[in-house]
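J.: In case you want the letters, here they are:
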Amino acid sequence: MKEKILVVDDEEGLRLLYKEELEDEGLNVHVAASGEEAIAKLEKDKFDLIVLDIKMPGMDGIEVLRRVKEKWKNIPVILSTAYHHYKQEFGTWASDAYVVKSSDLKELKTTIKDILNMGRK
Amino acid sequence: MGYDILSKVIELTDSTDALEKRLKDVANLLAHAFAFDQCAVYLSDQDKHVLTLAVAVGSKRGCQEEYKENEGLPGLAIKKGSPIFATQSKPPNETWQGILDKGTNGFKTVVCYPIKDDWLHGVLYLKNKEKKAVTLKEKKLLSVIVLQLATAIKNYQCIINLRDINTKMKDMQDRLVNAEKLLALGEMAASLAHEIKNPLVSIGGFAKRLSQQMNLDSPHMSYVDRIVKEVSRLEKLMDGIVHFSKDESYVFLSEDINIIIEEAVAFFEDDFKRNGIAVVKELSLHVPKIDVDRQHLKLVFNNLMTNAIQAMEKGGTLTIQTYQEGSWIVTEIHDTGGGIDPNIISNIFNPFYTTKETGTGLGLAITHSIITNHKGIIEVNNNIGVGVTFVIKLPLSDKEGRILKAS
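From first to last, the protein sequence lines stand for chains A and B.
Numbered per the working numbering, the first sequence finishes at 123, counting up by one with no gaps.
Numbered per the working numbering, the second sequence finishes at 1174, counting up by one with no gaps.
Bear in mind the hints are in silico, worked out from the structure with no lab data behind them.
Be aware that a few hints might be false.
[Stated by the list, open to error] A short, non-exhaustive set of chain A residues, derived as facing chain B with CB atoms under 10 Å:
#, residue
1, Leu16
2, Glu22
3, Asp106
4, Thr112
[Claimed, not checked] Here are the simulated EDC-like cross-link-like pairs (lysine to aspartate or glutamate), alpha carbons at most 16 Å apart as the crow flies:
#, chain 1, residue 1, chain 2, residue 2
5, B, Lys1065, A, Glu109
6, A, Lys108, B, Asp1037
7, A, Lys111, B, Glu1030
8, B, Lys1065, B, Asp1108
9, B, Lys996, A, Asp106
10, A, Lys115, B, Glu1030
11, A, Lys115, A, Glu14
12, A, Lys111, A, Glu27
13, A, Lys108, A, Glu23
14, A, Lys57, B, Glu962
15, A, Lys108, B, Glu1030
16, A, Lys108, B, Asp1038
17, A, Lys108, B, Glu1036
18, B, Lys815, B, Glu836
19, B, Lys1056, B, Glu1029
20, B, Lys1003, A, Asp106
21, A, Lys57, A, Glu14
Note that beta-carbon positions come from the ideal geometry of N, C-alpha and C, so glycine has one too.
Full structure from sequences and hints, please.
T.: This is how it looks when you write it as structure tokens:
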């Protein structure tokens, strides 16, 4: 069975890119354009992993991360952002991994695989 | 005699000539007017506590280049704070009033005035081969002249100091303005960089997908490749600018450096294969964990490996070693890419310095700043014609996580 992941990013181009690239890796990819939409999808559906953008209008990634860790604490979260800065924020430590956005998705893909493999063991 | 000499001295000392020229003119005047065979002026160097000969006129005999502040008759005059007048009948005799002064050899009359006001500026030293008396009137006149000399020297030194301070202030101001400009530029760049990064990732990501779905012989392949390359260059530039413009904080956690290296090597596996580069890992199993910022350190190894790969386009061997050396954990990254041109080696850690057409010039500058932020050291050993070794030394930390002071 394909593993189901949720990609949360307010950039439409990135949602499309992540969806296509990660589907090529054999994953079942759902997307959400905002923190609010992500929470709504999490309420309805069960996911194996979340790729979460930090800087979003409205509910930002840190807030989403906080709620996920309260309510669905077994779902691993990979934080994804343009630059390193958010790492210093205490909230981000709760995430399972931290990936800096790049047009080379190799690091994101490897991180996703590693975390999913760890979950299977 | 008297006022005319004094007014002449004032005229000479107030001239706009260089200090040395003015002192020489005065010394000449004094030697003639007071009939001395030698007239010398020594200037005091307060840092070194020595008197250095500035000018000497007349006989050059026994004219010492330098006196310590407590040496000879000048030393005595300084110590007493008042002039010394001495005569003797039997030269050569270098001992006067129990003080040895080789400069007096061959003279029967010596006069030594400390040049001072609030502090010491130097010494006026007059000598005569024959015995001669210095009248009270002459002594008074000389005292006034020496005061005038003190003022002249002080003024001159004040002007020099002012000039010096002025230059330094201008320099400081320039640097401040520059720093402000850079800061403003950095802030703007950083906020812009955030907005630019997302679309860049989109452009580059889709260009990559296009290139994967294209026929290898498609005439458009090279266009797409160009887009991919340029985007990746822009991304690196943006990362670099953000790194320099923001005071990025570091999160230090206890990490196994070998694992970070293994990850970096794995990341470049395809590139090593493509360029025909053999990777030799000599990682010591005994290196203890150290407190590092994993993301930043990964960037360091990524930068160094990218450089090594670019240096070994036609194949080679990349050797990576880790070991402990005292209170340092050392990583050596050695390539066989022919080494760095010695003319540019002093520049390699400078930001925006690059020899590569597609380089940003930030890779090694960032590497250097990251290692410095770890209180570590990065060195480069350049073996021209053979290759380059980058040596990274990171400090061990103690049990409480404090970084041990490296010996």
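J.: Starting from the hint list further up, note which numbers the structure goes against and sort them upward.
T.: 8, 11
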